[in-house]
Amino acid sequence: MLTIKKVILFSLVTIAIFGTLAVFQSNNNLNNGQTNQIHPQTIETEVVVETEITESNINEVTEIKRRTNPFSIRKTPKPLSILLFGVDRTPDEKYGRSDSIMLALVQPETKELMLMSIPRDTYINIPDHGYHKLNRSFQLGGPTLTKQTVSDWLEFEINETASIDYASFEKMIDLIGGIEMHVDRRMAHNEFIIEEGLQTLSGKEALYFVRFRKSLDGNHDSDYKRTERQRQLLTKLTSELLKSRSFTESFSLLRSLFKTVDTTLSLQQIITYGHHYSDFSSEKITTLSITGHGDRRGGLWYEIIPDKELEEKQKLIYEFMNPQGE
Numbered sequence: 003m004l005t006i007k008k009v010i011l012f013s014l015v016t017i018a019i020f021g022t023l024a025v026f027q028s029n030n031n032l033n034n035g036q037t038n039q040i041h042p043q044t045i046e047t048e049v050v051v052e053t054e055i056t057e058s059n060i061n062e063v064t065e066i067k068r069r070t071n072p073f074s075i076r077k078t079p080k081p082l083s084i085l086l087f088g089v090d091r092t093p094d095e096k097y098g099r100s101d102s103i104m105l106a107l108v109q110p111e112t113k114e115l116m117l118m119s120i121p122r123d124t125y126i127n128i129p130d131h132g133y134h135k136l137n138r139s140f141q142l143g144g145p146t147l148t149k150q151t152v153s154d155w156l157e158f159e160i161n162e163t164a165s166i167d168y169a170s171f172e173k174m175i176d177l178i179g180g181i182e183m184h185v186d187r188r189m190a191h192n193e194f195i196i197e198e199g200l201q202t203l204s205g206k207e208a209l210y211f212v213r214f215r216k217s218l219d220g221n222h223d224s225d226y227k228r229t230e231r232q233r234q235l236l237t238k239l240t241s242e243l244l245k246s247r248s249f250t251e252s253f254s255l256l257r258s259l260f261k262t263v264d265t266t267l268s269l270q271q272i273i274t275y276g277h278h279y280s281d282f283s284s285e286k287i288t289t290l291s292i293t294g295h296g297d298r299r300g301g302l303w304y305e306i307i308p309d310k311e312l313e314e315k316q317k318l319i320y321e322f323m324n325p326q327g328e
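Residue numbers (the numbering used here): 3 to 328.
A portion of the hints provided could be inaccurate.
In the DSSO-like style, the derived pairs of lysine-lysine whose C-alpha atoms are separated by at most 27 Å in a straight line are [what the hints assert, rightly or not]:
#1 113 / 173
#2 238 / 206
#3 173 / 96
#4 206 / 286
#5 206 / 227
Here are the simulated distance ranges between beta carbons [said to hold, decoys possible]:
#6 293 / 113: 22 to 30 Å
#7 306 / 130: 18 to 26 Å
#8 314 / 197: 37 to 45 Å
#9 308 / 129: 20 to 28 Å
#10 179 / 288: 37 to 45 Å
#11 188 / 326: 45 to 53 Å
#12 190 / 99: 19 to 27 Å
#13 112 / 197: 41 to 49 Å
#14 202 / 227: 20 to 28 Å
#15 154 / 184: 20 to 28 Å
#16 94 / 308: 22 to 30 Å
#17 298 / 254: 24 to 32 Å
Simulated from the structure, these hints should not be mistaken for laboratory data. Virtual Cβ for every residue (Gly too), placed ideally from N, Cα, C.
Using the sequences plus the hints, can you model the full thing?
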């Protein structure tokens with residue numbers, strides 16, 4: 003029988019993973035650096051999230067959950083697509099800049115997940131604005147315009163969006179007490195340094211780890227190398243979140259992480275998918291990137307995606323979201 007505590011754990015992972023994926027270019031047994039867990043998240047509130055969890059009121063919260071009955075859903079939820087953003091934003095900016103973009107596809111029928119990285123510099127037609135880099139669409143119209151832009155480009159209607167800025171990502175990592183990662187090289191840029199080897203990274207260090215490209219030693223990493231580090235951190239974060247905790251600790255962390263991600267999804271959706279995927283296997287995850295080549299146009303460098311590459315990814319998306327060939 004599925005316990006409330008177990009669903010809480012998977013809802014916790016849901017929020018953290020989507021928040022983390024939003025920052026990236028971007029489970030009990032996740033140990034493959036190229037496979038990760040995923041579910042949806044929200045900013046909307048309801049009474050369970052707003053309730054302070056203490057030893058004295060656990061029974062009350064459990065009763066609230068029983069009455070709202072979110073775990074008794076037996077019908078398989080619909081396939082879901084979420085466009086994820088990592089946002090670099092200053093206080094005076096309305097939207098900021100989308101430093102990373104990833105499409106997450108959730109297929110409940112087969113309990114499979116697909117994570118597809120999209121280069122932020124992709125040369126793309128932005129509705130009513132002409133051709134620009136993809137991340138320009140976020141500056142012009144936020145998640146809504148970028149979702150429309152990518153949906154038109156992929157010829158596939160994306161359902162939802164989720165975004166997180168870097169300050170929130172740092173807070174997320176600090177909430178779990180940091181994260182232990184193997185650093186494959188000394189990372190030094192300006193006055194910020196992370197030494198090679200096994201390190202427990204703070205939120206600020208983890209952000210530097212996943213964004214690192216240029217070093218003082220003159221050796222620079224590619225976007226693809228950076229993406230691999232991001233996937234490694236995602237895997238580690240998932241395992242960390244699924245460690246055994248008391249109900250009180252899990253729910254308190256869930257509530258805190260809940261506030262770090264801005265999304266169009268509701269908490270009820272998180273719980274529904276968390277329930278459905280509670281026996282999820284990491285072998286059911288596919289991770290890939292849309293790839294192209296760099297080219298200078300009008301004085302700017304763009305990522306040019308060949309038609310063949312785009313058509314292949316469109317076909318993969320369709321087949322993944324329609325496993326019965328509907």
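Outcome of the hint check:
Pair hint residue 113 plus residue 173 does not hold up; C-alpha atoms about 30 Å apart against a cutoff of 27 Å. Restraint check for residue 238 and residue 206: the C-alpha separation of about 17 Å stays at or below 27 Å, so the hint holds. At most 27 Å may separate the alpha-carbon atoms for a hinted pair to count; residue 173 and residue 96 meet this at roughly 21 Å. Of the supplied pair hints, the one linking residue 206 and residue 286 is violated, its CA atoms being roughly 31 Å apart against a limit of 27 Å.
In summary, the hint linking residue 206 to residue 227 is supported, as the alpha carbons are separated by about 20 Å, within the 27 Å threshold. Checking the proposed 22 to 30 Å range against residue 293 and residue 113 shows it holds: the Cβ atoms sit about 27 Å from each other. Between residue 306 and residue 130 the beta carbons are some 22 Å apart, a value that agrees with the proposed interval 18 to 26 Å. At about 41 Å, the beta-carbon gap between residue 314 and residue 197 stays in the expected band of 37 to 45 Å.
Between residue 308 and residue 129 the Cβ separation comes to about 22 Å, which falls inside the hinted range of 20 to 28 Å. As the Cβ distance of residue 179 to residue 288 is approximately 31 Å, the hint placing it in 37 to 45 Å is violated. For the pair residue 188 and residue 326, the beta carbons lie near 50 Å from each other, so the given range of 45 to 53 Å is met. At roughly 25 Å, the beta carbons of residue 190 and residue 99 sit within the given window of 19 to 27 Å.
Roughly 43 Å separates the CB atoms of residue 112 and residue 197, a value that falls within the hinted 41 to 49 Å. With their beta carbons about 22 Å apart, residue 202 and residue 227 fall inside the hinted range of 20 to 28 Å. Taking the beta carbon of each, residue 154 and residue 184 are about 40 Å apart, not inside 20 to 28 Å as hinted. Between residue 94 and residue 308 the Cβ separation comes to about 38 Å, which falls outside the hinted range of 22 to 30 Å.
Between residue 298 and residue 254, the C-beta spacing of about 51 Å breaks the proposed range 24 to 32 Å.
In this structure, the hints that do not hold are numbers 1, 4, 10, 15, 16, 17, in rising order.
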